[in-house]
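*Asks:* Each chain, written out:
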Amino acid sequence: MAITFNADTTNGAVITSDTSGEIELQANGVTKAKVTANGLQDANGNSLRGGMYRNLIINGDMKIAQRGTSSTGQGVSEGFKTVDRWNYTVGSDATAGRFTLTQDTANAPKDKGFGYCTKFDCTTADTTIATSEGLVWRTKLEGQTLQAIKKGTASAEQITLSFWAKGTAATYAVELHDEDSNRHNTQKFTITSSWQKFTLTFAADTTGAFNNDTGASLAINFWLHAGSKYTSGTFTSNTWASRTLANIAPGISSFYSSTANEFFLTGVQLEVGEGASDFEFLPYDVQLARCYRYYEETLNNLCKSFINGYGTHNGQKVLNAEFKATKRTNPTVVIYDASGTPASNKLSTYDAAGTRTDGQTVALVQADLQQIKVFPNNGTYSGIGFYYTADSEL
Amino acid sequence: MYKKINDIDTGNFCGVLKDNKFHIPLDEANTDYQAYLEWVADGNTPEEAE
Chain A
70 MAITFNADTT NGAVITSDTS GEIELQANGV TKAKVTANGL QDANGNSLRG GMYRNLIING
130 DMKIAQRGTS STGQGVSEGF KTVDRWNYTV GSDATAGRFT LTQDTANAPK DKGFGYCTKF
190 DCTTADTTIA TSEGLVWRTK LEGQTLQAIK KGTASAEQIT LSFWAKGTAA TYAVELHDED
250 SNRHNTQKFT ITSSWQKFTL TFAADTTGAF NNDTGASLAI NFWLHAGSKY TSGTFTSNTW
310 ASRTLANIAP GISSFYSSTA NEFFLTGVQL EVGEGASDFE FLPYDVQLAR CYRYYEETLN
370 NLCKSFINGY GTHNGQKVLN AEFKATKRTN PTVVIYDASG TPASNKLSTY DAAGTRTDGQ
430 TVALVQADLQ QIKVFPNNGT YSGIGFYYTA DSEL
Chain B
14 MYKKINDIDT GNFCGVLKDN KFHIPLDEAN TDYQAYLEWV ADGNTPEEAE
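Residue numbers (the working numbering), protein chains in the order written: chain A, 70 to 463; chain B, 14 to 63.
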């Protein structure tokens with residue numbers, strides 16, 4: 070028999086919980102959704118807050134890897150290796166620790182919907198940790214994408230970072246670093262050999278607004294290894310404060326403690342508000358297009374294409390190529406010729422019969438947000454061609 | 014390490030070439046150009062354009 074609730078004249082229809090604090094919606098005796106102190110949730114406790122592009126992080130599921138899928142001998146200096154929008158950084162003291170970084174499919178939590186994860190595999194241990202050593206897995210976000218957080222105002226919102234992680238048992242830290250105001254907020258998490266979803270809600274910060282521009286405003290830093298410069302202070306979880314390096318990572322494990330160590334990460338999502346919703350899976354083409362804003366290339370297999378032809382500009386031969394997406398800022402460009410092992414800052418030329426000559430000199434490269442112009446040294450050839458990388462990363 | 018690049022038309026300083034590989038624009042939002050400016054601020058001098 071249906072039960073009908075009728076509103077009274079002052080409060081509308083009101084259902085209040087018992088002392089558990091939850092109101093469950095059930096069908097056939099099975100909980101389908103519930104109202105909790107953290108808002109509306111599904112039966113598994115995921116927030117039912119919806120909306121497209123609610124995940125502020127691009128490529129949080131590690132799906133796109135234009136630069137390649139594996140890179141060995143890492144740990145010497147920072148760089149973007151494998152998956153897009155993620156790079157690792159090191160401290161100013163060199164570490165003997167090394168690792169292989171992989172866009173991994175074999176270990177991805179496919180039963181959670183993820184086809185990819187990043188895998189850190191320690192290949193050289195470092196148990197003598199110098200003061201300024203570090204290993205941080207990081208992505209940065211533009212300020213203009215963060216305005217809904219209302220940081221630095223009286224209406225500032227909480228933000229929730231969720232991710233899936235596993236690996237050799239360890240405790241690591243994740244730091245939100247406001248690079249505009251040099252403030253930070255850090256929380257720790259402890260991984261096991263099984264995949265876990267971590268949901269970390271960070272307090273609202275009424276101090277220090279994010280710039281509304283294309284610059285880096287927020288870094289999400291996963292600290293996996295740190296010297297005393299970053300560990301000698303006092304750890305205070307989930308508290309925004311002026312960034313004090315010594316307070317970032319006290320008490321974390323060292324990824325470099327053993328060559329047996331591994332760390333896996335995927336499904337990283339940052340959203341406005343308290344509580345994590347299910348990970349927002351974007352179609353591959355949409356995800357790739359979003360990554361193009363920061364980096365694109367025609368060199369590797371993912372999107373291999375060779376640009377050739379030419380026009381003239383004031384009598385100077387020139388070849389234009391339109392970018393696949395408008396760049397965040399004017400990009401740094403590298404030009405490669407068409408040889409089997411492409412040489413950088415070289416291009417290829419063609420004679421009238423179409424015979425290619427590699428290793429030709431690049432006179433000038435100009436790039437703006439939409440296109441690249443490549444000028445070769447003038448000569449007696451009928452065409453020019455090149456591969457390129459264009460980097461506007463944060 | 015760094016070499017200045019001049020525009021073909023105007024001859025004006027228009028970019029920086031790093032390690033004879035990376036063409037860096039004069040754009041302060043570009044992180045490579047930011048690194049170049051820090052390098053110069055540390056007292057270093059780029060090679061002049063040809």
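Derived by calculation from the structure, the hints in this document are not laboratory data.
Please read these numbers as outputs of a predicted model, since none were measured by experiment.
Treat each hint with caution, since some may be false.
[Said to hold, decoys possible] Reference excerpt, derived from the structure (chain B facing chain A, CB under 10 angstroms, subset only): (1) Met14; (2) Asp45; (3) Glu61.
[As the list claims (entries may be wrong)] With the Cβ distance kept under 8 angstroms, some of the chain A side facing chain B (calculated, not the full set): (4) Gly284; (5) Val403; (6) Ala436.
Ideal placement from N, C-alpha and C gives every residue a C-beta, glycine not left out.
*Asks:* Quick check on Asp45/B please, does its C-beta sit within 10 angstroms of some C-beta on chain A?
*Replies:* 4 angstroms, holds
*Asks:* Using Cβ atoms only, decide whether Glu61/B comes closer than 10 angstroms to chain A, and label the hint accordingly.
*Replies:* Not OK, violated: Glu61/B not within 10 angstroms of chain A, min 15 angstroms.
*Asks:* Tell me if the interface restraint on Val403/A is satisfied: Cβ within less than 8 angstroms of some Cβ in chain B.
*Replies:* Holds, about 6 angstroms.
*Asks:* Under the criterion of a CB-CB separation shorter than 10 angstroms, is Met14/B in contact with chain A as hinted?
*Replies:* 14 angstroms, violated
*Asks:* Minimum Cβ distance from Gly284/A to chain B below 8 angstroms?
*Replies:* This interface hint holds because 6 angstroms falls under the 8 angstroms limit.
*Asks:* Does the interface hint hold: is Ala436/A within less than 8 angstroms of chain B, judged Cβ to Cβ?
*Replies:* Result: holds, 6 angstroms to nearest chain B Cβ.
Hint compliance for this structure: hints 1 and 3 are not met, and every other hint is.
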